[in-house]
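Asks: In order, the protein sequence lines correspond to chains U and H.
Numbering follows this note's numbering, in which position 262 of the first sequence is assigned residue number 262; successive positions increment by one, without gaps.
Whatever position you read off the second sequence (first residue = 1), add 387 for this note's numbering.
Think of the hints as simulated: they come from the structure by calculation, not from any bench.
Since this is a predicted model, take the numbers as computed values, not measurements.
No residue lacks a Cβ here, since even glycine has one placed at the ideal position from N, Cα and C.
Warning: the hint list may mix true and false statements.
Unchecked claim - Anything over 10 Å on all C-beta distances counts as not near chain H; from chain U, calculated:
id	residue
1	VAL18
2	ILE21
3	TRP27
4	ALA34
5	LEU107
6	PHE150
7	GLN334
8	LYS340
Said to hold, decoys possible - Simulated restraints, written as ranges between beta carbons of each label pair:
id	chain 1	residue 1	chain 2	residue 2	range
9	H	PRO690	U	ALA249	57 to 63 Å
10	U	LEU227	H	LEU676	55 to 61 Å
11	U	ARG64	H	ASP799	35 to 41 Å
12	U	LEU328	H	PRO544	40 to 46 Å
13	U	ILE332	H	LYS545	39 to 45 Å
14	U	LEU328	H	GLY645	30 to 36 Å
15	H	GLY714	U	TRP61	49 to 55 Å
16	U	ARG331	H	ALA843	26 to 32 Å
17	U	TRP248	H	THR767	44 to 50 Å
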Amino acid sequence: MGTVEIRPAPHVRGERTVEKIMLNVVWSLLPICAFYVFQYGVSALASITVVTGACLLTERWLVRTGTQAGNIGDYSATITGLLLALTLPPGFPLWMGAIAGFVAIGLGKGLFGGLGFNVFNPALVGRAFAQAAFPTAIATYTPSFLPGRFTEFIPSSLAWPLMIPADAALWLKAKHLDALAGATPLAKWKFDGVMVGANELVTSLSGHMAVGPSPLLILLCGSYLALRRYLDWRIPMSILGGAAVVAWALFAFNPTHYPNPFFMLFSGGLILGAVYMATDMATSPVTPRGMWLYGGLIGLLTVVIRYYSGLPEGVMYAILIANAATPLIERITQPTPFGKSALAARRGASYPLNPSYISREDAGAVTPKKRILKNKPKRDERRTPTH
Amino acid sequence: MKLLNYFRGEAFQRGVHPASRKEATADRRIRRLPYPPRVTVPLVQHIGKPPHAIVKVGQDVVRGQPIARADDWLSVPHHAPVTGVVEAIELRPTARGPWAQAIVIRSQAGATQEDLWGKTRDMEAATGADILQAVWDTGMVGLGGAAFPTHAKLSVPKQAKVHTLVVNGCECEPYLTCDHRVMVEEADDLVRGIRYAMRVTGAVRAIVGIEDNKPEAVEAVEAAIARANAPEGAIHAEAVPTKYPQGSEKMLLMALFGVEIPSGQLPVAMGMVVNNVGTLAALGRLLPLGQGLTERVVTVTGPGVARPGDYRVAIGTPLKFVMDYAGVEAKAGLDRRQVILGGPMMGQAIASLDVPITKGVSGVLVFRHDDMLANDRRKTYPCIKCGECVESCPMGLNPSTLGMLAAKREYDLMGSDYHLGDCFECGCCTYVCPSNIPLVQQFRVAKQILRERAVA
Ligand code: SF4
Ligand code: SF4
Numbered sequence: 001m002g003t004v005e006i007r008p009a010p011h012v013r014g015e016r017t018v019e020k021i022m023l024n025v026v027w028s029l030l031p032i033c034a035f036y037v038f039q040y041g042v043s044a045l046a047s048i049t050v051v052t053g054a055c056l057l058t059e060r061w062l063v064r065t066g067t068q069a070g071n072i073g074d075y076s077a078t079i080t081g082l083l084l085a086l087t088l089p090p091g092f093p094l095w096m097g098a099i100a101g102f103v104a105i106g107l108g109k110g111l112f113g114g115l116g117f118n119v120f121n122p123a124l125v126g127r128a129f130a131q132a133a134f135p136t137a138i139a140t141y142t143p144s145f146l147p148g149r150f151t152e153f154i155p156s157s158l159a160w161p162l163m164i165p166a167d168a169a170l171w172l173k174a175k176h177l178d179a180l181a182g183a184t185p186l187a188k189w190k191f192d193g194v195m196v197g198a199n200e201l202v203t204s205l206s207g208h209m210a211v212g213p214s215p216l217l218i219l220l221c222g223s224y225l226a227l228r229r230y231l232d233w234r235i236p237m238s239i240l241g242g243a244a245v246v247a248w249a250l251f252a253f254n255p256t257h258y259p260n261p262f263f264m265l266f267s268g269g270l271i272l273g274a275v276y277m278a279t280d281m282a283t284s285p286v287t288p289r290g291m292w293l294y295g296g297l298i299g300l301l302t303v304v305i306r307y308y309s310g311l312p313e314g315v316m317y318a319i320l321i322a323n324a325a326t327p328l329i330e331r332i333t334q335p336t337p338f339g340k341s342a343l344a345a346r347r348g349a350s351y352p353l354n355p356s357y358i359s360r361e362d363a364g365a366v367t368p369k370k371r372i373l374k375n376k377p378k379r380d381e382r383r384t385p386t387h
Numbered sequence: 388m389k390l391l392n393y394f395r396g397e398a399f400q401r402g403v404h405p406a407s408r409k410e411a412t413a414d415r416r417i418r419r420l421p422y423p424p425r426v427t428v429p430l431v432q433h434i435g436k437p438p439h440a441i442v443k444v445g446q447d448v449v450r451g452q453p454i455a456r457a458d459d460w461l462s463v464p465h466h467a468p469v470t471g472v473v474e475a476i477e478l479r480p481t482a483r484g485p486w487a488q489a490i491v492i493r494s495q496a497g498a499t500q501e502d503l504w505g506k507t508r509d510m511e512a513a514t515g516a517d518i519l520q521a522v523w524d525t526g527m528v529g530l531g532g533a534a535f536p537t538h539a540k541l542s543v544p545k546q547a548k549v550h551t552l553v554v555n556g557c558e559c560e561p562y563l564t565c566d567h568r569v570m571v572e573e574a575d576d577l578v579r580g581i582r583y584a585m586r587v588t589g590a591v592r593a594i595v596g597i598e599d600n601k602p603e604a605v606e607a608v609e610a611a612i613a614r615a616n617a618p619e620g621a622i623h624a625e626a627v628p629t630k631y632p633q634g635s636e637k638m639l640l641m642a643l644f645g646v647e648i649p650s651g652q653l654p655v656a657m658g659m660v661v662n663n664v665g666t667l668a669a670l671g672r673l674l675p676l677g678q679g680l681t682e683r684v685v686t687v688t689g690p691g692v693a694r695p696g697d698y699r700v701a702i703g704t705p706l707k708f709v710m711d712y713a714g715v716e717a718k719a720g721l722d723r724r725q726v727i728l729g730g731p732m733m734g735q736a737i738a739s740l741d742v743p744i745t746k747g748v749s750g751v752l753v754f755r756h757d758d759m760l761a762n763d764r765r766k767t768y769p770c771i772k773c774g775e776c777v778e779s780c781p782m783g784l785n786p787s788t789l790g791m792l793a794a795k796r797e798y799d800l801m802g803s804d805y806h807l808g809d810c811f812e813c814g815c816c817t818y819v820c821p822s823n824i825p826l827v828q829q830f831r832v833a834k835q836i837l838r839e840r841a842v843a
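Here chain H stands alone, though its shape is the one from the complex (with noise of 0.2 Å):
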């Protein structure tokens, strides 16, 4: 099947091959992290509108127990993730820079963090609908690292009609080894997740793809799926050949069937809903016993870790507890451009070290100081036009000539005629740029003025 791959040539056109760098975490079971003194959970960490608090500062709350309500369909609901006392609400430092509202939970020491809230579900009298309003009620959003809410994704639009469930287990990203562990070590939870989610969609076979470099992965989903009795043939598991940026949807679903979903449209219009396989092992897990989202699984690696791993971390927990439990060496005062939420081709540079995991953080990656250095000593010439972008670029477009217009300003141009609009961000013409100019913030910045002249 692997080497079936090979002959069958590239899954998608162009793309890039960063060094893998998941050595260091591949092999490592998940661990649990302890729970950390005090949690934060802001409102919004996804994608959508906040929900609102549904506790009271000084009130005590048990781990599991819903502790915000979301009113808006693009919205979850939040969970308790420690056992203890509310002690705030209020506004704290987000990733991103600007501060939002949290909730803010100490722990109750000696707690036995057990999750007693919850009715466990009878998963095989439930209906579609049914399971639908349980995944919003899990406050489960897409932990591959965009965060959008499940919910929302899983359920199909009246117009369309869904045959196949695609379960994204490329984890393209270098780094990041957290949906791998997931894979390896949660098959049976991840099978039993994707077995309710085609029940809400209603596709009659899911197919999880994964790359090809994660071929214990391949072999573990394929062995519970057998566990799993379904019928035949109608879940498997399928190796896709190592490349980033396969953990797009639209790159994965053309190198599994080699569909191009048409531009500005979603993978439903062809009757494929695509799916983390974090998400739905966490479904597995918690759907049966009626529990919320209160934890997910990180990889905290990095040349700066001594102690990297995949480890089970309570959402909420300070960053710098999971960086000092992971051994963090902090000797000259750790800088806070070093650490990157999630992987590094589409992580996020951090505000603030003070930030708490969220629900989308999927990696923690610390480097030396002299990596960020060499980093930045790193010149920045003009554009040569060697064309290392365009033939880098998963979607097609030309970064260097988008680059130069948005150096020249010319942000309506690059909308009308050079389809920015359909850059997803990947970063790959930035990784091979040899003149270092970094084309994906340029971009960034030109989509963002585009977004509000539009708006304007």
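With the rest of the complex left out, here is chain U (with noise of 0.2 Å):
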């Protein structure tokens, strides 16, 4: 007889794994790219590659060398990229979204051990390395649905490395168009008070204005991934109903200096943060009480934040500090236990039936008064398991 190896059990295991879960994301990515592409054309398409390439790239070289745990094939590395490019404005240089994307994965993830281990969101880490190092390129948007965007490269895109990439506005003069450009709404509303209309921040479809890819289609597929639990619900809700909260309040307290919730919720990076970042499983909390809490706590960084501080966008950092708060928020969200709670002895006592039961209790047969044991079973008698 070799080896005595016994299986424990379950011997069955559920349908979902880590490929699927993460596969699915993909998949529910893939309308918001395309959607990208056909706002920005072949910049936002290579953007995306690049970015995507960097990631992958750097995933394999990780896990070949054994830093990491998990490997390209189980797709995370994938949604960090793609999501890494919806963040970074489509003329973004390409040589510094695959540094992006090397930093993404190998500071956001690689360090911390890999698939599971990371504490913050990788693409997010990517995007804040990329504020910090290349702040103008960053900040630099270009109006949507230019014409000839099919067929030609905003010039910045092909800065060649380490090179200062070509200046946008002087590229948008020449088209005779600046009067909107390179900036998002928010940045407008921040820097310049002109608030956009409701349309073009849901929609993104009137042109013209750098608004990044459409809330409403990010909203469609993330309930997607909801209805098919590839992400919590209670996350996004949270954020969302946080944020608008919060800048509800503020609206009402002084409607001239703040904008309205609405705006709020549908301008900058918010959904986008909301559905897809501030949900990355490993990032978020487990337990769903905490669920709520990481998403208020974000809802409010995120006004604070745009209101207060001198950036114009605040979800990437509201998101990264409650990453890194996700462990506390963990901690004081245990889950209560079954017969743990105070609810449960005061059940107990009562000793409620199921209606449909006692309506078919004869008159004999009482509801017991509270018949608790004074003294707990002795030791033996407790050791009854299961059926």
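Take the two lone chains and join them into the complex the hints point to.
Replies: Written as structure tokens, this is what we have:
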């Protein structure tokens, strides 16, 4: 007889695997990417390809060298790449994108030990790095739906590595387009006091406005994931809810100074962040109550950063801060085990019965009064296991 | 009634819905498995102390004759499952691995195998204490799988008073249908057994909880209750929404009454006693006849079985004999890793194919070789903190964090801050884990280590 190996129960497993979850997220991101390319043309396509490629290569290298767990077959690096590309401006120089991708996987994930061990969302780590390293490039947006966008690159995309990218404003001037160029709705509101209409924000279809991927589309793809339970609906709900409540309170307090909550929700990266970034499983709490707390915290921080800091956009930092707070949040929101809640003690005392049962009860069999044991049952009697 | 349950919402929180896979055997009548040429009766088939053998090697025994006597309260006697000769009393392999004392009986060729032992009892005249003694004498243990001595379970501690007997007919494990068939075919025995158990415990009512995927069972039990003309409303059948692990006592009581049994206590603390339907049906048949438990119904099923069904199997029948009869294809040589005793969620993988069917075996599950390999090929990832396990743990624990602590060997922390002791190893967390982490196994190890530390 060779080694005796006894398989532990359970001997059947659920359908869900890591690959399946990740692949579903990738599928749901594809329509968003396609629309993004439709908005911004070849530059966006190149940016998505290069950033994702950089992420995959880095992942592969780190797994090969044994630095981190997981493998590229689990699609998590693909998700990081796609998300990172979606948060960068379409005309972001490709070489910078590649570095951002490398940093996202290397610093954001590999350094912590790979899949499941990372503390911060890798895509946001990449983006935070890009924000610090290339502040001009990352703030330079070009309008969507430019004519000729499928044949011509935005010149800044093709900058040589380590070179300063071409000035987008000059390029736009040459195309006789300058009025609205180069700023996101949030930056416009923050620095110029211009508010964008709801319609443009929601659909991203009106053109000439650097709005990024359409929030409606993101919500749609996100609800597909939520319905199939590949992401937890509580997180986006609590983020959006939290942001809306805070924004609404401030708006009610001083409508001239603060924008309306609707603008808060649908501008910038809040929807993308709430649906895809904050829900990253490894960096969000596992406890249900923790998810609400985590989401609420992100919502609150986003609005606060947007209103009171020097930056137009606060989603990224809000999520990163909440990521850091996740272990703490989990600690204080552990679920209450069965039979240990205060409620159980009360319920036990009054012994409520299922109503459909009481109706069948005969007069002789009265519901007994509370009969909790004074003394705990003896050790032997306590060992009754389950049937 | 069934609809009502759906509107009432969840029976208990969390839990999982594994595919039931009961179709293969649910509609087949219980058939008798032939008596094997040789039976092996291990002395310990239950939770508790071993009884001691009262037969000698070479002695003739008739079916139903006591062959081992219980000296300890937490122990049960055994009865000869076949008429024949005691061949040996020696160490034999058990499902769990270590070898243990067992009585081997060679059945006598041509014996009618009639149950000749036992005196009929006048059950109407018997007092509760008489019945309790009689239950002990049958050697009955929980037939649902836990194999806890039934007399110990039915005896109510002095300080407590029991008002309700809950009869567990959930059979929430996938594949298994033995309780289902017993409810359909032996409902009258069941109701009789329920009335005996009510007299022992002093319960004024009994409720049979049956998952609503077994409507025939609910009907059969209701019909038998009507036939038994028990006091109106004293016994009734109640359908509960199907969900794993409803068959756990605490979950069933939650589903039926909405009461949470406080952690670390037994249902009797709230005046309830829970028993399995198979156990009570067997008592209902055996007690009036004064016989002992010599056979049980076992579901033999799984993708690797040609003739799946519920079989009435003599205790001690070799597993191989059962599998041969049910048609387990073993072309490439059967791998013991394909065979599971009990259900797929909590069942026992076996250490050897040479083990007998014991009192606590509710099912024999045989997978195909390929299924086994497919299970093996599934990759294991680190915990991705998806939270699925938290959403499925019926005890409201946090298996994700527990698993991480187990990997770091922080066993004491697991026990003190994360309620490891409440885990009853139902397997829901491992079942749902997309990373394929063997969480339950880690918890089992951790509990064992904590137990050892507590002793030391
Ligand atoms: S189900 Fe598995 S991967 Fe998901 S949180 Fe639990 S242990 Fe981690
Ligand atoms: S095995 Fe334990 S931790 Fe896992 S779901 Fe069941 S009770 Fe919860």
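Asks: Now look at each hint and say whether the structure bears it out.
Replies: Checked hints:
With a least beta-carbon separation of about 5 Å from chain H, U:VAL18 fails to lie farther than 10 Å from that chain, contradicting its non-interface assignment. Its closest Cβ contact with chain H, about 6 Å, brings U:ILE21 to no more than 10 Å, contrary to its assignment away from the interface. The claim that U:TRP27 is not at the interface with chain H holds, since no C-beta of that chain comes within 10 Å of its own (minimum 16 Å). For U:ALA34, the shortest C-beta to C-beta distance to chain H comes to about 27 Å, beyond the 10 Å cut-off, and the non-interface label holds.
No Cβ of chain H approaches the Cβ of U:LEU107 within 10 Å, the least distance being about 18 Å, so the stated non-interface status holds. Non-interface call for U:PHE150 relative to chain H: holds, since the shortest CB-CB distance, roughly 38 Å, exceeds 10 Å. Non-interface call for U:GLN334 relative to chain H: violated, since the shortest CB-CB distance, roughly 6 Å, does not exceed 10 Å. With a least beta-carbon separation of about 5 Å from chain H, U:LYS340 fails to lie farther than 10 Å from that chain, contradicting its non-interface assignment.
Under the hint 57 to 63 Å, the C-beta atoms of H:PRO690 and U:ALA249, about 60 Å apart, fit the expected range. Hint check: U:LEU227 to H:LEU676, Cβ distance near 57 Å, so the stated range 55 to 61 Å holds. At roughly 38 Å, the beta carbons of U:ARG64 and H:ASP799 sit within the given window of 35 to 41 Å. Judged by the Cβ atoms, the range 40 to 46 Å given for U:LEU328 and H:PRO544 holds: they are separated by roughly 44 Å.
In this structure the supplied range 39 to 45 Å holds for U:ILE332 paired with H:LYS545, their Cβ-Cβ distance being about 43 Å. Taking the beta carbon of each, U:LEU328 and H:GLY645 are about 34 Å apart, inside 30 to 36 Å as hinted. Taken as a hint, the range 49 to 55 Å holds for the pair H:GLY714 and U:TRP61, whose Cβ atoms sit roughly 53 Å apart. Hint check: U:ARG331 to H:ALA843, Cβ distance near 30 Å, so the stated range 26 to 32 Å holds.
The hint said 44 to 50 Å for the Cβ distance between U:TRP248 and H:THR767, and at roughly 46 Å that hint holds.
When the structure is compared with the earlier hints, violations turn up for hints 1, 2, 7, 8 and for no others.
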